[in-house]
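> Residue numbers (this note's numbering), protein chains in the order written: chain A, 1 to 420; chain B, 421 to 840.
Just so you know, these hints were derived from the structure itself, not from any lab. There could be a bad hint or two in this list.
Chain A is faced by these chain B residues, among others (derived, beta-carbon under 8 Å) [as the list claims (entries may be wrong)]: (1) GLN544; (2) LEU545; (3) SER720.
Stretches of chain B that chain A covers, calculated by requiring three or more beta carbons in the stretch to come under 8 Å of a beta carbon on chain A [what the hints assert, rightly or not]: (4) 426-433; (5) 779-792; (6) 815-829.
Listed below are the simulated EDC-like cross-link pairs for lysine to aspartate or glutamate, each with C-alpha atoms no more than 20 Å apart in a straight line [said to hold, decoys possible]: (7) LYS405/A x GLU809/B; (8) LYS128/A x ASP150/A; (9) LYS405/A x ASP570/B; (10) LYS503/B x GLU513/B; (11) LYS411/A x GLU178/A; (12) LYS825/B x GLU236/A; (13) LYS820/B x GLU205/A; (14) LYS403/A x GLU815/B; (15) LYS206/A x GLU815/B; (16) LYS3/A x GLU395/A; (17) LYS831/B x GLU511/B; (18) LYS823/B x ASP55/A; (19) LYS820/B x ASP55/A; (20) LYS825/B x GLU205/A; (21) LYS727/B x GLU395/A.
Owing to the predicted nature of the structure, the values given are computational and were not obtained by experimental measurement. Glycine residues also receive a C-beta, built at the ideal position from the N, C-alpha and C atoms.
Protein chains: 2
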Amino acid sequence: MPKNAFYAQSGGVTAVINATACGVIETARQHSDKIGKVYAGASGILGALNENLIDTSLESDADIAALLHTPGGAFGSCRYKLKDMDTHRAEYERLIEVFKAHDIGYFFYNGGGDSSDTAYKVSQLSEKMGFPITCIGVPKTVDNDLPITDTCPGFGSVAKYIAVSTREASLDIESMYETSTKVFIIEVMGRHAGWIAAAGGLASEKAGDPPHIILFPEIAFNKEAFLGRVQKAVDEQGYCVVVASEGAQYEDGTFVADAGMKDAFGHTQLGGVASTLANMVRDGLGLKYHYAIADYLQRSARHISSKTDVDQAYAVGKAAVELAIEGKNAVMPVIVREADAPYTWHIGEAPLSEVANVEKMMPRSFITEDGFHITDEARAYLQPLIQGEAYPPYENGLPKYVKLKNQLAEKKLPTFEPSK
Amino acid sequence: MPKNAFYAQSGGVTAVINATACGVIETARQHSDKIGKVYAGASGILGALNENLIDTSLESDADIAALLHTPGGAFGSCRYKLKDMDTHRAEYERLIEVFKAHDIGYFFYNGGGDSSDTAYKVSQLSEKMGFPITCIGVPKTVDNDLPITDTCPGFGSVAKYIAVSTREASLDIESMYETSTKVFIIEVMGRHAGWIAAAGGLASEKAGDPPHIILFPEIAFNKEAFLGRVQKAVDEQGYCVVVASEGAQYEDGTFVADAGMKDAFGHTQLGGVASTLANMVRDGLGLKYHYAIADYLQRSARHISSKTDVDQAYAVGKAAVELAIEGKNAVMPVIVREADAPYTWHIGEAPLSEVANVEKMMPRSFITEDGFHITDEARAYLQPLIQGEAYPPYENGLPKYVKLKNQLAEKKLPTFEPSK
Numbered sequence: 001m002p003k004n005a006f007y008a009q010s011g012g013v014t015a016v017i018n019a020t021a022c023g024v025i026e027t028a029r030q031h032s033d034k035i036g037k038v039y040a041g042a043s044g045i046l047g048a049l050n051e052n053l054i055d056t057s058l059e060s061d062a063d064i065a066a067l068l069h070t071p072g073g074a075f076g077s078c079r080y081k082l083k084d085m086d087t088h089r090a091e092y093e094r095l096i097e098v099f100k101a102h103d104i105g106y107f108f109y110n111g112g113g114d115s116s117d118t119a120y121k122v123s124q125l126s127e128k129m130g131f132p133i134t135c136i137g138v139p140k141t142v143d144n145d146l147p148i149t150d151t152c153p154g155f156g157s158v159a160k161y162i163a164v165s166t167r168e169a170s171l172d173i174e175s176m177y178e179t180s181t182k183v184f185i186i187e188v189m190g191r192h193a194g195w196i197a198a199a200g201g202l203a204s205e206k207a208g209d210p211p212h213i214i215l216f217p218e219i220a221f222n223k224e225a226f227l228g229r230v231q232k233a234v235d236e237q238g239y240c241v242v243v244a245s246e247g248a249q250y251e252d253g254t255f256v257a258d259a260g261m262k263d264a265f266g267h268t269q270l271g272g273v274a275s276t277l278a279n280m281v282r283d284g285l286g287l288k289y290h291y292a293i294a295d296y297l298q299r300s301a302r303h304i305s306s307k308t309d310v311d312q313a314y315a316v317g318k319a320a321v322e323l324a325i326e327g328k329n330a331v332m333p334v335i336v337r338e339a340d341a342p343y344t345w346h347i348g349e350a351p352l353s354e355v356a357n358v359e360k361m362m363p364r365s366f367i368t369e370d371g372f373h374i375t376d377e378a379r380a381y382l383q384p385l386i387q388g389e390a391y392p393p394y395e396n397g398l399p400k401y402v403k404l405k406n407q408l409a410e411k412k413l414p415t416f417e418p419s420k
Numbered sequence: 421m422p423k424n425a426f427y428a429q430s431g432g433v434t435a436v437i438n439a440t441a442c443g444v445i446e447t448a449r450q451h452s453d454k455i456g457k458v459y460a461g462a463s464g465i466l467g468a469l470n471e472n473l474i475d476t477s478l479e480s481d482a483d484i485a486a487l488l489h490t491p492g493g494a495f496g497s498c499r500y501k502l503k504d505m506d507t508h509r510a511e512y513e514r515l516i517e518v519f520k521a522h523d524i525g526y527f528f529y530n531g532g533g534d535s536s537d538t539a540y541k542v543s544q545l546s547e548k549m550g551f552p553i554t555c556i557g558v559p560k561t562v563d564n565d566l567p568i569t570d571t572c573p574g575f576g577s578v579a580k581y582i583a584v585s586t587r588e589a590s591l592d593i594e595s596m597y598e599t600s601t602k603v604f605i606i607e608v609m610g611r612h613a614g615w616i617a618a619a620g621g622l623a624s625e626k627a628g629d630p631p632h633i634i635l636f637p638e639i640a641f642n643k644e645a646f647l648g649r650v651q652k653a654v655d656e657q658g659y660c661v662v663v664a665s666e667g668a669q670y671e672d673g674t675f676v677a678d679a680g681m682k683d684a685f686g687h688t689q690l691g692g693v694a695s696t697l698a699n700m701v702r703d704g705l706g707l708k709y710h711y712a713i714a715d716y717l718q719r720s721a722r723h724i725s726s727k728t729d730v731d732q733a734y735a736v737g738k739a740a741v742e743l744a745i746e747g748k749n750a751v752m753p754v755i756v757r758e759a760d761a762p763y764t765w766h767i768g769e770a771p772l773s774e775v776a777n778v779e780k781m782m783p784r785s786f787i788t789e790d791g792f793h794i795t796d797e798a799r800a801y802l803q804p805l806i807q808g809e810a811y812p813p814y815e816n817g818l819p820k821y822v823k824l825k826n827q828l829a830e831k832k833l834p835t836f837e838p839s840k
């Protein structure tokens with residue numbers, strides 16, 4: 001009997017993480033001689049710890065296929081980072097016990113840097129415990145901050161959403177600035193890296209086009225310089241469009257808007273850079289402003305996903321299963337760029353040890369010298385990632401997204417009490 | 421020689437106001453024996469007062485056709501309400517002088533209630549002044565608050581955007597609530613009427629589906645009742661999605677979030693209902709929240725426009741010209757609903773005197789008894805308006821929106837100094 005597989009979604013979900021799930025499950029179904037059932041973690045890795053294993057074999061082929069166009073995390077995801085293995089070894093052992101109880105020999109962990117770290121540790125520990133698990137990391141993060149891979153599935157669709165929305169809203173402001181809003185700010189995600197904010201720059205084609213200002217976490221925020229640029233855009237173009245990363249920060253690392261909360265990973269919980277900037281514009285320049293906060297809309301907007309992103313999301317899921325079948329372990333399928341224009345790429349692989357806990361920052365050369373826009377080098381990198389449309393089917397004017405049955409497999413182990 | 425026409429866009433622009441411009445200009449071009457040039461007001465009616473008349477005859481047929489899929493206001497719009505005719509007659513006289521100087525016999529004013537009022541007054545005064553102008557109001561407003569017409573072009577596309585975005589973001593929250601955000605609030609437009617907020621309700625199909633709460637301006641906001649409903653949704657579904665109208669208000673008419681600014685029409689300038697509600701959720705229930713503010717994104721999102729809305733926007737522009745040619749005056753083409761499902765409609769007409777300054781409120785029967793959701797009656801009304809997709813063309817991953825040349829006609833009059 002072939003071993004079963006366990007697939008889990010980790011961290012913030014994206015418009016295309018289910019496309020990866022689709023790639024994993026469809027490919028596993030094609031290799032039923034090598035892989036038995038695919039179990040999915042209910043609410044991600046918590047599903048393994050709590051033995052809440054969704055039996056995906058009960059889902060129809062049509063429903064699994066529909067994951068390709070359904071945003072969110074179909075099995076649930078979580079922000080739960082396994083603790084240090086030395087002090088909290090019991091959690092890792094529990095994972096392996098659950099895998100053993102359900103004859104799981106493959107672990108596909110679909111997430112970012114933290115997840116790569118977990119998958120890497122499980123592969124090491126399972127070997128030591130005499131029940132070796134093939135652990136494959138599968139890249140996903142709208143933050144685009146994983147190393148080695150050309151991009152992270154999920155990013156291209158957010159990038160497209162932000163570029164399209166910035167272009168559209170700019171046309172609105174441009175129509176109205178004479179008697180109405182002169183400064184418009186759109187707040188975008190990106191805690192430590194400005195990849196998403198940079199994508200807003202694609203809305204512009206030539207000098208003077210909106211957005212006129214992009215605020216990156218990588219460039220120390222300076223209020224006077226910012227207000228000076230706002231006034232300059234208003235003087236020259238009549239209006240000013242700002243794309244602001246939620247992670248925009250001062251020289252000393254203080255976020256421009258710090259809500260003072262932390263999530264389970266210990267990351268500061270952000271919100272409010274747009275309103276903070278708007279207040280500066282009002283008080284400092286007396287200009288009429290509006291602001292939008294895209295928040296979850298940007299990472300769930302499957303209706304405007306990049307086809308390139310959807311294709312890559314599926315491809316890494318497919319490749320993850322193929323790598324596992326080939327006997328590879330502790331690796332991650334990555335996207336390898338062959339050429340910018342036309343964009344060509346293939347799937348390669350990288351050791352999880354080189355992916356885990358490494359954050360890819362945006363090169364300084366992607367940001368103009370003055371720190372307020374993107375360079376041609378950034379455009380050459382970003383442009384291909386938003387190429388193509390991949391519209392979901394519609395019914396009654398709304399996208400027809402699939403809802404899976406998500407039936408749990410019978411439990412075989414006692415309840416686990418995670419250590420605090 | 422046939423008389424020329426003047427077309428102006430008024431107030432907040434929409435994803436489809438240019439589709440109406442397209443309908444006006446293409447139809448006028450087809451009747452060159454009856455209508456000469458179509459001049460468009462640069463920045464709306466200000467273009468007439470300042471004699472900044474865009475000569476649309478200099479635009480190619482292809483560029484005019486591309487208006488059908490381009491959001492924003494291609495000629496510029498403005499929030500400028502002509503003052504009372506008794507005290508500021510000079511402004512109206514100036515309009516008529518400019519029309520006379522450029523041999524303009526047709527005035528197409530594309531806007532909401534205020535614009536209907538202006539168009540009506542110009543038709544009356546021009547008659548008195550011995551230079552009668554055929555004045556046709558052309559409906560436009562995302563607020564959907566014009567009387568008589570089944571809906572206002574612009575609304576259906578915002579409705580679709582909000583319904584789609586609510587459905588998508590809800591899938592995101594549903595995936596993550598176990599360890600992350602439990603309450604998500606999306607703030608939508610709608611100053612005095614909850615039409616747009618109601619559209620968010622279309623994201624749900626059955627009881628328990630998100631959104632769990634809709635806040636309408638029509639229903640007095642009660643903090644305790646609101647927090648009770650949030651807690652109930654979290655208890656029963658695990659999470660809570662709220663669609664909040666920017667116009668949500670307390671019993672005494674105080675807006676839940678009142679920024680304390682006013683625009684040129686004297687309307688209070690709103691913003692911040694989402695963050696106000698989020699603070700209530702945090703302080704009152706201690707639940708983790710996120711919020712999005714769609715702001716201008718919602719009314720410029722041509723990429724996800726309703727095909728029904730695009731069709732109707734074009735149709736009212738076309739009908740406006742046809743009514744003018746038929747010799748009708750001081751009327752507005754309106755959309756007449758024939759049936760709900762399948763939705764059928766035709767274009768009728770209404771006297772401007774009956775449209776001017778009448779605000780259509782949402783019927784109480786569209787809101788559930790508890791005040792937190794929409795009824796089946798509301799669904800029957802709203803559902804057809806978001807039907808169909810009308811995607812713009814794309815180039816390099818971005819919508820290909822047209823930028824007109826917008827060349828001004830030569831001025832023939834001295835500069836006008838509007839009275840203060």
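> None of the hints should be skipped; say for each whether it holds.
Structure-based check of all given hints:
no., hint, verdict
1, GLN544, "25 Å, violated"
2, LEU545, "23 Å, violated"
3, SER720, "4 Å, holds"
4, 426-433, "holds (count 3)"
5, 779-792, "violated (count 0)"
6, 815-829, "holds (count 5)"
7, LYS405/A x GLU809/B, "29 Å, violated"
8, LYS128/A x ASP150/A, "33 Å, violated"
9, LYS405/A x ASP570/B, "40 Å, violated"
10, LYS503/B x GLU513/B, "12 Å, holds"
11, LYS411/A x GLU178/A, "65 Å, violated"
12, LYS825/B x GLU236/A, "19 Å, holds"
13, LYS820/B x GLU205/A, "12 Å, holds"
14, LYS403/A x GLU815/B, "33 Å, violated"
15, LYS206/A x GLU815/B, "15 Å, holds"
16, LYS3/A x GLU395/A, "39 Å, violated"
17, LYS831/B x GLU511/B, "18 Å, holds"
18, LYS823/B x ASP55/A, "53 Å, violated"
19, LYS820/B x ASP55/A, "44 Å, violated"
20, LYS825/B x GLU205/A, "17 Å, holds"
21, LYS727/B x GLU395/A, "13 Å, holds"
Figure legend: structure checked against the earlier numbered hints; hints not met, in rising order: 1, 2, 5, 7, 8, 9, 11, 14, 16, 18 and 19.
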